[in-house]
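Colleague: Residue-level listing of the chains:
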Amino acid sequence: MSTAATTSPDTPSTTPSEVALHAALASGERPPRVSAPVACLAFAGRSMRKIRHVPEQLLDVTITPVLFLVMFVYLFGGAVAGSTDDYLQFILPGILVQAVLFTTVYSGVTLNTDMTKGVVDRFRSLPVWGPAPLVGAAVGDLVRYLVAASVTVIVGFALGFEAGGGVLGVLGGIALVMLFAFGLAWVFTTLGLLMRSPSAVMNTGFMALFPLVFLSNIFVDPSTLPSVLESMVDLNPVSHLVTAVRGLLGGTADAGDIGLVLGEAAVLTLVFVPLTTRMYRRA
Amino acid sequence: MPSSPHLAIETTGLVKAFGDTRAVDGVDLQVPTGAVYGVLGPNGAGKTTTIRMLATLLRPDAGTARVLGHDVVDEPDAVRRRISLTGQLASVDEELGGHENLQLLGRLLGYSRRQAAARADELITAFGLTAAASRLVKNYSGGMRRRLDIAASLVVTPDLLFLDEPTTGLDPRSRNEVWAIVRALVSQGTTVLLCTQYLDEADQLASRIAVIDTGRVIAEGTPGELKASVGRSALHVRVLDPERRDEARAILARGLGDSVHPDPDPVGLTAPVADAEEAAEAISALTAAGVPIGGFSLGQPSLDEVFLALTGRPATDETPEEVAA
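Taken in sequence, the protein lines are chains A and B. In this text, residue positions in the first sequence follow the numbering used here: the first is 1, and each later residue adds one. In this text, residue positions in the second sequence follow the numbering used here: the first is 284, and each later residue adds one.
One thing to keep in mind: the hints can contain errors.
[Said to hold, decoys possible] Straight-line alpha carbon distances no greater than 30 angstroms define the calculated DSS-like cross-link-like pairs of lysine-lysine that follow:
hint, chain 1, residue 1, chain 2, residue 2
1, B, K421, A, K117
2, A, K117, A, K50
3, A, K50, B, K421
[What the hints assert, rightly or not] One-sided excerpt, in silico: chain A residues whose CB lies under 8 angstroms from chain B:
hint, residue
4, L21
5, A23
6, P31
[Unchecked claim] Label-pair distances were calculated between CB atoms; the ranges are:
hint, chain 1, residue 1, chain 2, residue 2, range
7, B, H289, A, A200, 47 to 57 angstroms
8, A, A200, B, D360, 31 to 41 angstroms
9, A, P55, B, L581, 49 to 59 angstroms
10, A, L262, B, V298, 44 to 54 angstroms
Derived from the structure by calculation, the hints contain no laboratory data. As the structure is a prediction and not an experimental result, all values here were calculated from the model. Note that CB positions come from ideal geometry on N, CA and C, so glycine has one too.
Same shape as in the complex, but just chain B (with noise of 0.2 angstroms):
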């Protein structure tokens, strides 16, 4: 298949089997480059995968894959020279310091030595890591070792970055960081293929998603279009006086319709809305009238939600382990 220049990745049929498992079942992508694309998928769906075939780790088992212009196949060597991978497991070496893992990977990555410790300094810097920089990397807190593994895959920026499921288990501000070194990495150019349990993250970082489940794409598109699909979002809002919340739900009720109801916190009240706008009006409608709310809350339709939408069922429903090999 002859291969677009606007593409990072493309995948046709892409088949990868564990035993009796189809861990990754006839994927179609076409990544633009550029941009992040996330992958959506619970545990199992067949994320890792992937990407350990389109990183040159697994070899198909049927199909094409294309990155950079490259086959995976044919020229494994052409495709691991613009990629990096930060892998789901930790991607560096526990036993060695932030900074000499950096110098190592300088040194494989073809600088000299000296230019291989200066590359280190820089992005130990950069990365906040300097207090740190000569710990063992198994004494680092999960928010510094994520750090560090990204920087270790931009010793020599890439023109693709690979991310698996780089926030899962971090506390909220150590996420927000690496969000923000995602957002930098894409404004230089690089194209980031981010794999993700998380519609919010995805929804944050990702110019289009593919959603992904027991090993095929079930719906691809821009978040906006993903949510679409998905339906309505809902909007919580919190009265300050429990005794008007029944006047604020019928004054709500004017633009939103009956479905409006009472949460079982005695001031909370939970609608159904369209989007952003329809919402907007409403709170209006409320602060029109001089009932005062102490908030209000616009909710994302979660993974879950999504996955009812698109498949039936939750996403956590019997979904088998990652397959990791």
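This is chain A alone, in the form it adopts within the complex (with noise of 0.2 angstroms):
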């Protein structure tokens, strides 16, 4: 019946069937509405084709943390803390933190970048639960935060790095990572909705973050600054992050310091998601 699928792939444009688009315009009960954890997961799968698509994409979060592991800690390890294996214990969950966040700026550029596309329209005209194109999306970027993650860590491995924690210690450091990760990346989708282009969100993201991630105990030990820094370092939220990650791969871990960076998380989930999703709906 169809003309359509007798077509041969050198002539890609063939004419619509009269039949067939009949046909297709026919059938049609309207299904019930869509519930909200199945449009998130329609949306982050959206993400995970794109990846599919274009795995080079995977390649900035794949080589970055390698070479900053490799650069400190040979670089900087015997000068820091006397010797390259003693550096490489205490800055591996840094690093794994650092690289994990340092990809939640990727969020606010790509939700830059579809908004200056049509598509956005369609879905925002779809009776679906209003954020789950947003909270679909985050969920996606997960993938990259544990491609982040476990390339640093199993690097960090081969390098010799000894995790007293064990497997689940490893698993719960990188879990928490993402978590933080999750509920930090809505402050650039925030940002991406602000701006005018995907660049202007790189530099502004990168520009906030470069500070938090420095003025951390990634990569010294805090209490070998001047006291006013020791005190800066010792209220951000990626110092917080990073002394509960060492405690989960180290085997020491401390329950406030866990629960504390769990807070922190939901806090900037809590207030940025209203927040991009307000936006985003009247953008």
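Put the two chains together into one complex; each comes in its own frame, and the hints tell you how they fit.
Modeller: So this is what it looks like as structure tokens:
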């Protein structure tokens, strides 16, 4: 019946068939409204499919942590900690945190790019739970976080990192970083809706993130710092995250440290999800 | 305002301003169900902004709009359940394949995974996209992308479809395909709100047309009424033998008066006519007199001519850029 089905690949544009067209338009009992979780999963699937189409987009989240780890351990390890092995033990949890947190800026860049495309209009005119496109994308981004975290940990083990916390400690540490990153990414999606171009989001995002990452306990023991700086480092949520992850990886996990990080992640999520959603619906 | 059950869209005094620009400045529309309603206007007239308010994407600053009986501000979800939008920008995801786009929308509209895949197959076939089903949309031709975009609006057949300049930038063949799809859709009972810059397109598809300019409706009616308000269309005749053009001119002048004038083309003649009937009589007079003609055509008044007649200025005259926000 359909002429389109028999089309050879070298004539890609075929005329729509009248009969098939009428049949396709006639079919259509309206299905029930989709639930919020299913809508979110469908949007998460959209992100995954994009990664499948262009796997190269995972290159930077793969290579950056390796570069940082190797560079810091072998360049500064001897000077900062006396030996590269000791410094690896100290810095690996921090690089894990840094690698994943840097990835969160891309959530804002991706959303900003999305907003310039007409497909957002279609998503916003669908009868689905309002935040679903955003939450779905955030869930899809967890894959990137997982890739960045896994690469860091695997390279760390290859260089001789010893995890006193065992497998559970490592998995717990990765999970905690991903949770915090999920919350932090909403700051950058809000930024993504405020800024006019993807590169502006990128620049502003990293400008905000760099001081948070470097004025933390990732690279040095804060007790070696001047007291003003030390108190700033102690207030920095990134330091709290690194402390908790060090505890989990090293087998000295402290429930209070973990609880603090979970609380901070929850606050970020509760403040910035409604903010982003509101701006997205109004854009 | 009480809404009539026969109206798909009813707006009163709709206003949307961006900064100092009133993109939509008091639009009143009454769009009956079950037909194509054309919204005709140049770039920047406020067509897209109007559509975006009706599709619940933008909040009106003033006025009311009811779509299929539901207020767009108070009941946006009820509106969204019954409309689809094919925007001026491609409203499909260019970084996914065609089939993936349709399947994603199927899931979002409530189909199961299997139903969504089957529905995507069906639409891909119906819209002649089988060979390109798995190709990324950014590698589609303009015509294919447009067809996919319309298919994406029909994953669940909507009661009302917004089509914003569906044929701008398309070649004539792709344009005809889009027109065929719109006609098929209307024959199944869907109402279509068609925004266009082309009088020709509105004339082909729409049963009523609103002409808008600088955010206001400046004329409304059937295509026939609209063209009548513009006045006469132009009859172009080409005789075969340039030697006999003056003879032909004299014959035409008997029925059409002195305004028959020669074109720069040595075999061409142009005369204003009131309607197709008058044109046909003039052509018959030529053939009856034995003057062989190479061809003739009855020119539609262009959007420019419509605007000239309605506003006293051409459509392209310093209209601001369409506000996309």
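Colleague: Look at each hint and say if it fits the structure.
Modeller: Against the structure, the hints come out as follows:
Our distance criterion of 30 angstroms between C-alpha atoms is met by K421 of chain B and K117 of chain A, whose separation comes to about 12 angstroms. The hinted pair formed by K117 of chain A and K50 of chain A meets the criterion: a straight-line CA distance of about 15 angstroms does not exceed 30 angstroms. For a cut-off of 30 angstroms, the pair hint linking K50 of chain A to K421 of chain B stands: about 13 angstroms separates their Cα positions. Checking L21 of chain A against chain B: minimum C-beta separation of about 5 angstroms stays under 8 angstroms; hint holds.
Hint status for A23 of chain A: holds, given a least beta-carbon distance of 7 angstroms to chain B, under 8 angstroms. Satisfaction of the interface hint for P31 of chain A is found here, the shortest Cβ-Cβ separation to chain B being roughly 3 angstroms, below the 8 angstroms cut-off. Range check, H289 of chain B to A200 of chain A: Cβ separation about 49 angstroms, and the 47 to 57 angstroms hint holds. At about 33 angstroms, the beta-carbon gap between A200 of chain A and D360 of chain B stays in the expected band of 31 to 41 angstroms.
At roughly 58 angstroms, the beta carbons of P55 of chain A and L581 of chain B sit within the given window of 49 to 59 angstroms. A C-beta distance of roughly 48 angstroms is found between L262 of chain A and V298 of chain B, which places it inside the suggested range of 44 to 54 angstroms.
Comparing the model with each earlier hint shows no violations; every hint is respected.
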